[in-house]
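There are 2 protein chains.
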Amino acid sequence: MSDVRLRRNEICYVTLLFFLNVHTVIGVWPKPQIVATSMEQYSLNPGNFKFQYASNSAAQLGCSVLDAAFKRYYSLIFPDYNAGPRDRHHLFEAKPYLLYIHVTQGGCESYPNPESSESYKLNVSTNQAELRTETVWGALRGLETFSQLVYQDDLGTYFVNKTEIEDFPRFQFRGILLDTSRHYLPVEAILKTLDAMSYSKFNVFHWHIVDDPSFPYQSRTFSDLSNKGAFHPMTHVYTQTDVRRVISHARLRGIRVLPEFDSPGHTQSWGKGQPGLLTPCYRGITPSGTFGPVNPATGSTYKFMTRLFKEVASVFPDSYIHLGGDEVDFTCWKSNPDVRQFMQKMGFGNYFTKLESFYMENIVNITSMLNRTAIVWQDVFDHHERCSSQAVVEVWKGGCYLCDLRRVTKAGLRVILATPWYLDQPGPTHDWARYYTVWPLAFKGQNLGALEMLQFEEKKNVCCVFDIHVSAESKGLLKS
Amino acid sequence: MSDVRLRRNEICYVTLLFFLNVHTVIGVWPKPQIVATSMEQYSLNPGNFKFQYASNSAAQLGCSVLDAAFKRYYSLIFPDYNAGPRDRHHLFEAKPYLLYIHVTQGGCESYPNPESSESYKLNVSTNQAELRTETVWGALRGLETFSQLVYQDDLGTYFVNKTEIEDFPRFQFRGILLDTSRHYLPVEAILKTLDAMSYSKFNVFHWHIVDDPSFPYQSRTFSDLSNKGAFHPMTHVYTQTDVRRVISHARLRGIRVLPEFDSPGHTQSWGKGQPGLLTPCYRGITPSGTFGPVNPATGSTYKFMTRLFKEVASVFPDSYIHLGGDEVDFTCWKSNPDVRQFMQKMGFGNYFTKLESFYMENIVNITSMLNRTAIVWQDVFDHHERCSSQAVVEVWKGGCYLCDLRRVTKAGLRVILATPWYLDQPGPTHDWARYYTVWPLAFKGQNLGALEMLQFEEKKNVCCVFDIHVSAESKGLLKS
Chain A
1 MSDVRLRRNE
11 ICYVTLLFFL
21 NVHTVIGVWP
31 KPQIVATSME
41 QYSLNPGNFK
51 FQYASNSAAQ
61 LGCSVLDAAF
71 KRYYSLIFPD
81 YNAGPRDRHH
91 LFEAKPYLLY
101 IHVTQGGCES
111 YPNPESSESY
121 KLNVSTNQAE
131 LRTETVWGAL
141 RGLETFSQLV
151 YQDDLGTYFV
161 NKTEIEDFPR
171 FQFRGILLDT
181 SRHYLPVEAI
191 LKTLDAMSYS
201 KFNVFHWHIV
211 DDPSFPYQSR
221 TFSDLSNKGA
231 FHPMTHVYTQ
241 TDVRRVISHA
251 RLRGIRVLPE
261 FDSPGHTQSW
271 GKGQPGLLTP
281 CYRGITPSGT
291 FGPVNPATGS
301 TYKFMTRLFK
311 EVASVFPDSY
321 IHLGGDEVDF
331 TCWKSNPDVR
341 QFMQKMGFGN
351 YFTKLESFYM
361 ENIVNITSML
371 NRTAIVWQDV
381 FDHHERCSSQ
391 AVVEVWKGGC
401 YLCDLRRVTK
411 AGLRVILATP
421 WYLDQPGPTH
431 DWARYYTVWP
441 LAFKGQNLGA
451 LEMLQFEEKK
461 NVCCVFDIHV
471 SAESKGLLKS
Chain B
1 MSDVRLRRNE
11 ICYVTLLFFL
21 NVHTVIGVWP
31 KPQIVATSME
41 QYSLNPGNFK
51 FQYASNSAAQ
61 LGCSVLDAAF
71 KRYYSLIFPD
81 YNAGPRDRHH
91 LFEAKPYLLY
101 IHVTQGGCES
111 YPNPESSESY
121 KLNVSTNQAE
131 LRTETVWGAL
141 RGLETFSQLV
151 YQDDLGTYFV
161 NKTEIEDFPR
171 FQFRGILLDT
181 SRHYLPVEAI
191 LKTLDAMSYS
201 KFNVFHWHIV
211 DDPSFPYQSR
221 TFSDLSNKGA
231 FHPMTHVYTQ
241 TDVRRVISHA
251 RLRGIRVLPE
261 FDSPGHTQSW
271 GKGQPGLLTP
281 CYRGITPSGT
291 FGPVNPATGS
301 TYKFMTRLFK
311 EVASVFPDSY
321 IHLGGDEVDF
331 TCWKSNPDVR
341 QFMQKMGFGN
351 YFTKLESFYM
361 ENIVNITSML
371 NRTAIVWQDV
381 FDHHERCSSQ
391 AVVEVWKGGC
401 YLCDLRRVTK
411 AGLRVILATP
421 WYLDQPGPTH
431 DWARYYTVWP
441 LAFKGQNLGA
451 LEMLQFEEKK
461 NVCCVFDIHV
471 SAESKGLLKS
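Line order of the protein sequences matches chains A and B.
Quick note on numbering: our numbering labels position 323 of the first sequence as 323, and the sequence is numbered without any gaps.
Quick note on numbering: our numbering labels position 480 of the second sequence as 480, and the sequence is numbered without any gaps.
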């Protein structure tokens with residue numbers, strides 16, 4: 001008898017939890033790892049709500065990241081509230097509701113890195129809430145979650161329910177790519193995108209800053225790149241001050257800025273300001289007047305790239321640099337007698353993928369010397385399986401991207417998945433739901449059955465990127 | 001005969017210049033020191049106009065101040081122009097009009113100081129213009145002037161006339177004061193004010209950041225000052241990040257940020273977050289529950305002020321700090337037995353101005369130790385003629401402000417004039433023209449007749465402030 005009663009209680013309990021979970025899914029997005037919520041609700045008076053550093057927190061007032069976040073989130077949580085002198089009397093008499101912030105590490109002036117913990121624990125109860133994290137970046141995620149828990153009734157009163165949340169990101173690298181070459185974006189548009197990213201807990205702004213159509217990055221070292229390669233040399237450029245502003249705005253939201261300088265293809269705009277950089281294409285035995293990818297057969301190319309990436313590494317604090325390497329068209333290289341001669345000298349035969357790999361290896365080496373981890377588009381891996389073990393491979397091609405993920409991770413390389421999240425390609429039926437039904441880890445790792453893989457996901461920092469291109473860096477954990 | 005002819009030529013020449021000057025006054029504001037212009041006009045094609053660092057300029061691409069200014073001024077000069085890919089063909093075929101910038105000193109990452117030269121020479125001629133300056137700050141002034149020379153005809157074509165300008169500021173200190181205590185101003189509003197200041201070549205943003213009604217500055221050292229003293233502790237505050245943003249935005253426009261922490265009066269809001277700082281007022285022999293100015297009779301006050309100003313000096317890079325010192329009401333001090341006892345001990349008798357001077361001397365000493373020049377409102381000078389020779393006195397009171405200027409400069413002190421430029425006081429007839437008919441130097445210096453004084457103005461860097469309060473710092477040049 002007692003056994004039966006116990007079971008009934010258990011069933012009730014499970015039902016209740018299920019009901020509450022439904023409520024939670026509506027409330028917080030992306031869904032936190034563990035949520036326990038209740039119907040117990042507390043009304044919040046904007047006038048007596050306060051963020052408060054816990055006394056033993058490593059971050060205290062003066063912490064640039066969190067002080068700024070408190071001000072921002074206050075207005076996000078209470079969008080229709082404006083305190084004025086007339087509210088003050090009321091404000092200081094009501095019992096305060098405090099959200100205590102406890103950060104165990106400091107790092108308020110640091111820059112987020114790929115290993116930064118973003119986990120947090122949030123406990124919302126009577127008269128106070130507690131947010132406990134290791135880093136300020138985790139605190140930002142927790143503040144975002146808290147802001148999404150607050151709601152208003154029809155009369156405009158603010159409420160929050162009793163809630164316990166433990167959360168950490170499933171993937172360490174959650175990116176959005178913006179292409180500012182095909183279409184120049186004003187700095188304000190980029191800053192707004194960063195704001196939006198923070199609401200969905202994205203943490204990497206992949207800045208595809210230059211490409212064929214234009215070169216808007218204003219280089220200190222090579223002024224003509226933007227002077228001649230931007231859509232306009234004065235208005236359609238990113239000055240050093242613009243770049244700093246983007247990086248600072250991103251940092252305050254726990255977002256890394258990953259710059260991409262794609263080569264040797266996608267560089268038509270580079271050629272305008274850097275004569276001799278691109279390969280002259282030939283029609284028969286005479287130059288046709290058009291240019292192909294970067295010329296991989298001349299030393300001046302590598303000298304130029306060394307100086308450019310030295311500058312890039314000094315301007316962008318992120319430990320990663322994206323080197324591109326996609327869609328290299330070999331037609332022009334094939335037409336050029338100097339390139340063909342170089343091929344012969346290097347013993348590449350007619351394998352232009354070998355020339356491409358030679359070029360990319362040199363560029364990866366340049367960025368390695370600058371203590372930067374290189375990311376390359378999957379083409380580099382496809383054409384050269386023994387690609388640098390340092391590099392991270394970004395999968396973007398259609399077809400079987402899960403097969404690609406398997407191949408790359410099997411080779412011991414870390415991978416970022418972009419293919420299923422090209423926002424300009426919602427398909428002919430404009431099926432936006434498609435973006436939400438991706439299973440980035442649904443490929444067979446060596447000797448790993450489906451069950452082990454699920455556990456794997458929960459335990460390890462397997463990384464996933466959501467770029468307008470991009471997603472899923474597995475940190476090589478799925479390798480054999 | 002030849003003499004007569006010569007004279008006729010002279011008369012023609014003078015007439016021409018007069019005519020041209022009329023044109024110029026319309027064009028550039030404030031009016032440059034020397035302008036020679038002509039009816040010869042050049043059409044400007046936005047698509048082929050460029051700013052260009054002269055090859056031997058100390059500032060080159062990568063100069064944060066000027067790179068950002070070029071981008072800003074391009075849009076200010078050609079407000080209705082938007083380059084797109086379709087314009088590019090045209091853009092690079094037309095003959096370019098180049099504005100060459102030549103800066104003899106560098107200092108692109110520095111902060112403007114009271115001695116920074118802002119002079120510039122601008123020469124606009126066929127196919128190119130030249131802007132020659134000592135500093136990047138002077139270059140900013142010249143860019144502003146150039147932008148004001150460009151005009152559009154009815155068809156929208158842009159023109160600039162052949163022009164030569166030599167310019168330098170008459171006064172070294174040209175300020176605008178914003179009061180963010182009586183009314184909290186969002187950071188965006190402050191940034192817009194800084195933009196507007198740059199159009200009129202103002203160079204000091206006097207930030208009257210705190211006062212009786214509220215304490216919006218979020219101090220790292222004393223968090224309760226804004227927590228309890230701001231109109232709202234989360235939304236109506238200036239975080240450290242906000243302050244940095246204001247300083248950076250100002251720097252890029254050649255504007256210094258002068259912080260004012262006014263005491264011992266005007267500090268009601270300070271008392272909320274710093275118990276014991278203000279003087280408890282008495283009714284007879286019992287405290288009335290109200291508070292007066294900062295308590296000058298206790299050591300804890302000076303300890304607090306030392307820590308506060310240490311922070312202020314670390315946050316605000318400007319070499320000046322405004323210490324206030326205006327409108328101290330002695331009623332509360334008189335009522336307090338501890339203050340009266342202190343007066344007796346110090347031998348001040350019943351002279352509360354002596355107590356006020358004692359307090360201000362201590363505060364000026366604190367900021368001197370921090371290598372900061374103090375500015376005080378004229379009350380401090382009025383009550384204590386042997387006021388620190390380090391301090392600069394700001395004249396704000398009505399009545400004969402020219403008399404005040406004379407008294408202060410005669411005492412060998414530098415002075416800033418504010419009185420005639422209170423923007424909230426255009427008089428009962430709302431006579432705005434009044435602000436433009438001020439003669440800040442029309443007072444007699446010792447042994448100087450009117451004629452010498454005019455020469456004086458032209459030769460020396462006599463400083464004038466245009467605050468919402470404020471204007472005219474004479475650098476002690478008019479002292480005996």
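For the record, the hints were derived by calculation from the structure and aren't laboratory data.
A few of these clues could be false.
Treat identical chains as interchangeable: a pair holds within one or across any two.
[Said to hold, decoys possible] With a straight-line Cα cutoff of 27 angstroms, these simulated BS3-like cross-link-like pairs (lysine-lysine) come out: (1) K228 / K50; (2) K162 / K334; (3) K228 / K95; (4) K192 / K410; (5) K334 / K95; (6) K397 / K303; (7) K95 / K444; (8) K410 / K345.
Evaluation of the provided hints:
no. : hint        : verdict
1   : K228 / K50  : between (52 angstroms within a copy, 11 angstroms between copies)
2   : K162 / K334 : neither (68 angstroms within a copy, 54 angstroms between copies)
3   : K228 / K95  : between (62 angstroms within a copy, 14 angstroms between copies)
4   : K192 / K410 : neither (38 angstroms within a copy, 55 angstroms between copies)
5   : K334 / K95  : neither (77 angstroms within a copy, 37 angstroms between copies)
6   : K397 / K303 : neither (31 angstroms within a copy, 66 angstroms between copies)
7   : K95 / K444  : neither (56 angstroms within a copy, 62 angstroms between copies)
8   : K410 / K345 : neither (33 angstroms within a copy, 85 angstroms between copies)
In summary, the numbered hints that this structure violates are 2, 4, 5, 6, 7 and 8.
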